[in-house]
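Protein chains in written order, with our numbering: chain A, 1 to 330; chain B, 1001 to 1339.
In short, the hints are calculated from the structure, not lab data. Please read all numbers here as calculations on a predicted model, not as lab measurements. Hints are not guaranteed to be accurate.
Stated by the list, open to error - Cut-off 27 Å, straight-line C-alpha distance, at most; resulting in silico cross-link-like pairs (DSSO-like, lysine-lysine):
| hint | chain 1 | residue 1 | chain 2 | residue 2 |
| --- | --- | --- | --- | --- |
| 1 | A | K76 | A | K130 |
| 2 | B | K1146 | B | K1110 |
| 3 | A | K44 | B | K1248 |
| 4 | A | K247 | B | K1110 |
| 5 | A | K274 | B | K1273 |
| 6 | B | K1272 | A | K274 |
| 7 | A | K130 | A | K12 |
| 8 | A | K307 | A | K274 |
| 9 | B | K1110 | A | K274 |
| 10 | B | K1204 | B | K1146 |
As the list claims (entries may be wrong) - Not everything, but these chain B residues come out facing chain A in the computed CB check (under 7 Å):
| hint | residue |
| --- | --- |
| 11 | T1197 |
| 12 | Q1201 |
| 13 | L1205 |
| 14 | V1226 |
| 15 | E1229 |
| 16 | S1279 |
| 17 | R1308 |
To be verified - Pair ranges (Cβ atoms, derived):
| hint | chain 1 | residue 1 | chain 2 | residue 2 | range |
| --- | --- | --- | --- | --- | --- |
| 18 | A | V156 | B | D1152 | 57 to 65 Å |
| 19 | A | T94 | B | R1331 | 55 to 63 Å |
| 20 | A | D209 | B | S1254 | 46 to 54 Å |
| 21 | A | G29 | B | K1034 | 20 to 28 Å |
| 22 | B | I1207 | A | H301 | 40 to 48 Å |
Here a beta-carbon is modelled for each residue, glycine too, at the ideal position from N, C-alpha and C.
For reference, the chains in residue letters:
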Amino acid sequence: MAVDLIQIQNLKTYFFQGKGVLSKWFGQGLKVVHAVDDVSLTIKKGSTFGLVGESGCGKSTLGLSVFRLVEPTEGKILFHGNDVVKMNSAELRTFRQNAQLIFQDQFGCLNPRMTVGQIIAEPLMLRDGKQARQEDIADEVAELLSAVNLDPDAAVKFPNEFSGGQARRIGVSRAIALKPEFIMADEPTSGLDISTAATVLNLMQDLQDQMDITYLWVSHNLNQVKYMADDMAVMYLGKVVEMGQTKEVFHQRAHPYTRALISAVPQVDTDQQKETIFLEGEIPSPINPPSGCYFRTRCPHVFERCKQEEPPLTDLGGDHFCACHLHSHH
Amino acid sequence: MSEPLLEVSNLTLDYNLGGRKMRALDRINFTLEKGEVLGVAGESGCGKSTLGLAILRLLPRVAEIRRGAVFFKGTDLLKLSEEQMELEIRGQEITMIFQNPQNALNPVFKIETQMTDILRVQDRNQNPGSRKRHQHYRKQAIERLKLTGIADPEARVSNYPFEFSGGMKQRVMIGMALSSGTSLLLADEATTALDVTIEAQINKLIIDLAAEYGISVLYVTHNLGVLAEMADKIMIMYAGRIFEMGEKEMLFGSPRHPYSAALLESLPSRQKKGRRLLSIPGFVPPLDRLPKGCSFHPRCVFAEDICRKQVPPLTEVASGHWSACLLDQKRGRQKWQWT
Chain A
1 MAVDLIQIQN
11 LKTYFFQGKG
21 VLSKWFGQGL
31 KVVHAVDDVS
41 LTIKKGSTFG
51 LVGESGCGKS
61 TLGLSVFRLV
71 EPTEGKILFH
81 GNDVVKMNSA
91 ELRTFRQNAQ
101 LIFQDQFGCL
111 NPRMTVGQII
121 AEPLMLRDGK
131 QARQEDIADE
141 VAELLSAVNL
151 DPDAAVKFPN
161 EFSGGQARRI
171 GVSRAIALKP
181 EFIMADEPTS
191 GLDISTAATV
201 LNLMQDLQDQ
211 MDITYLWVSH
221 NLNQVKYMAD
231 DMAVMYLGKV
241 VEMGQTKEVF
251 HQRAHPYTRA
261 LISAVPQVDT
271 DQQKETIFLE
281 GEIPSPINPP
291 SGCYFRTRCP
301 HVFERCKQEE
311 PPLTDLGGDH
321 FCACHLHSHH
Chain B
1001 MSEPLLEVSN
1011 LTLDYNLGGR
1021 KMRALDRINF
1031 TLEKGEVLGV
1041 AGESGCGKST
1051 LGLAILRLLP
1061 RVAEIRRGAV
1071 FFKGTDLLKL
1081 SEEQMELEIR
1091 GQEITMIFQN
1101 PQNALNPVFK
1111 IETQMTDILR
1121 VQDRNQNPGS
1131 RKRHQHYRKQ
1141 AIERLKLTGI
1151 ADPEARVSNY
1161 PFEFSGGMKQ
1171 RVMIGMALSS
1181 GTSLLLADEA
1191 TTALDVTIEA
1201 QINKLIIDLA
1211 AEYGISVLYV
1221 THNLGVLAEM
1231 ADKIMIMYAG
1241 RIFEMGEKEM
1251 LFGSPRHPYS
1261 AALLESLPSR
1271 QKKGRRLLSI
1281 PGFVPPLDRL
1291 PKGCSFHPRC
1301 VFAEDICRKQ
1311 VPPLTEVASG
1321 HWSACLLDQK
1331 RGRQKWQWT
């Protein structure tokens, strides 16, 4: 039986606009952006959890909230049962050794003035503190570089000497330096060519098998999530609208948004009968979300109740959840 | 047989960078019929964007066209004067939409100003001496916005670009690109920066408008899935050369070039969970250090001696299906099994 590594319970992360002096003088009210709005989900140890949705749906904010790189407004994040939100700075330090990030911008997250060796050594030095010994760390760096199929000579080069795919692998090697249990990967193949992306995906799967890493896989690429993730959640305007095992979600597509999202993904195999559902309009502003169901302004199945009541996330059976009035039985 | 709208023949182009010569396009040959959508795909640096820019002659100064011709409606665009290109071709007959609509619109001018400017220039180029009022062009601009599916165009036309979302800005760009005389639209990664549901909307808009007005489209992208849904014909490029070209169904169904087969094998959508994706060994060679013979041979697991010596010509391997691989004859109908 798989152990639950991370349990997110009723997490809310709000951003406040108009807190500044100018807004006070000019009398503008406080605006609240509901970036993550009451999200609960569980990630099992050793699995990959895919988080999908369009830009601005809050998927990256949710990921950052787990690390408290963005302070959550409310809710709990349990890591091995300990609440990350309540941790003090010392506990947080230990937690962050165990949980790492891979960022979307493969060059932006590497300091251009440090050699690759220094970049990867930094977390190791911090771990060892005063006991750090140069030779040991150099050995470890070489090991980490070969773990991501880079030449150990890469340690003396600077990030700009590498291609996009290689820079991404340097980011991966830094993330695995402290042998974390958990890694959040935010769009880990964005900006990479097809065959380079395949190399990175293969590498990350190998590392998962070898080191029993749990991934939170944030992406808008549904083909990739289908291929990588065991479980997944679909987010829309800060809320989870559907969640379950990846194959169930892709098979049943219970929520109209999931259906539209999956149908919009371009597929190479055109022989499969596929009808794209075109959604009208765009995502509403998270400052002024619509009443009732947030998706109703674009939903092809909208009816009266959707305007008045917000649909709760209900269990469709088999740990498959969906928030839509079409599935409520009363 | 009617003549094709666009015929690129033997187009060869170098970039001269500080004494280094890089062949960005090497003997490019293809035709595009009226109303046809041709998808161009390939990895970064394969020359797919250069191809679009070469057709419009919008290349940087370091580029030098060595050989070849670009026949558009029977006229060689490379022989026209710069003035003729500007007056008759660019933005009139052939228009282009780019990847980043954010950078293509000027942030300090209203959409109205930017659209009417273009409409006025187009009008005066077509009817010299035309002196119409601003209101006339403004009305046209509103019509264009309506055509591209922007809600409430009368009000939106007076907005600034920052008041539009990415998808709406791309709609504005399409509205600006389609003049009454457009017959060829070049789209360079036009939807790469957009979300999937918006991407689907924009691609549908391009296809619908193209079909309605009989416009041909050269659609450049690295996303093979998008091409599978949009294009009639596909062209796969690698290191400045065409490797394979043909009808979509043929090319995706039974690719004749090992590189195309490999690209399709490395897509997660084709692979079952848990099975490894194909990753092509090695990397795309820099253009000034292309290997001898077939430029793909160091990465190709099927390569034989002949591949290291001879440059494979693009040959018609089946009716309307072209491939540049020396082993094709020998191989026959056998599939390229990479894994």
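A quick look at each hint next to the structure:
1. A:K76 with A:K130: Judged against 27 Å, a Cα distance of about 35 Å means the pair is violated.
2. B:K1146 with B:K1110: Within the cut-off at roughly 17 Å; holds.
3. A:K44 with B:K1248: Violated: K44 (chain A) and K1248 (chain B) sit about 42 Å apart, past 27 Å.
4. A:K247 with B:K1110: At roughly 47 Å apart (the allowed maximum being 27 Å), K1110 (chain B) and K247 (chain A) break the hint.
5. A:K274 with B:K1273: 21 Å, holds
6. B:K1272 with A:K274: It holds: about 19 Å lies between the C-alpha atoms, which stays within 27 Å.
7. A:K130 with A:K12: Status violated; Cα separation ~39 Å.
8. A:K307 with A:K274: Since the Cα atoms of K307 (chain A) and K274 (chain A) sit roughly 30 Å apart, the hinted pair is violated (cutoff 27 Å).
9. B:K1110 with A:K274: 40 Å, violated
10. B:K1204 with B:K1146: 15 Å, holds
11. T1197: 5 Å, holds
12. Q1201: 6 Å, holds
13. L1205: 10 Å, violated
14. V1226: 5 Å, holds
15. E1229: Hint holds; E1229 (chain B) Cβ to chain A Cβ min 5 Å, cut 7 Å.
16. S1279: 4 Å, holds
17. R1308: Not OK, violated: R1308 (chain B) not within 7 Å of chain A, min 21 Å.
18. A:V156 with B:D1152: 57 to 65 Å: 59 Å, holds
19. A:T94 with B:R1331: 55 to 63 Å: 58 Å, holds
20. A:D209 with B:S1254: 46 to 54 Å: 34 Å, violated
21. A:G29 with B:K1034: 20 to 28 Å: 57 Å, violated
22. B:I1207 with A:H301: 40 to 48 Å: Given about 26 Å between the Cβ atoms, the range is violated.
Violated hints, listed in ascending order, are 1, 3, 4, 7, 8, 9, 13, 17, 20, 21, 22; each of the other numbered hints is respected by the structure.
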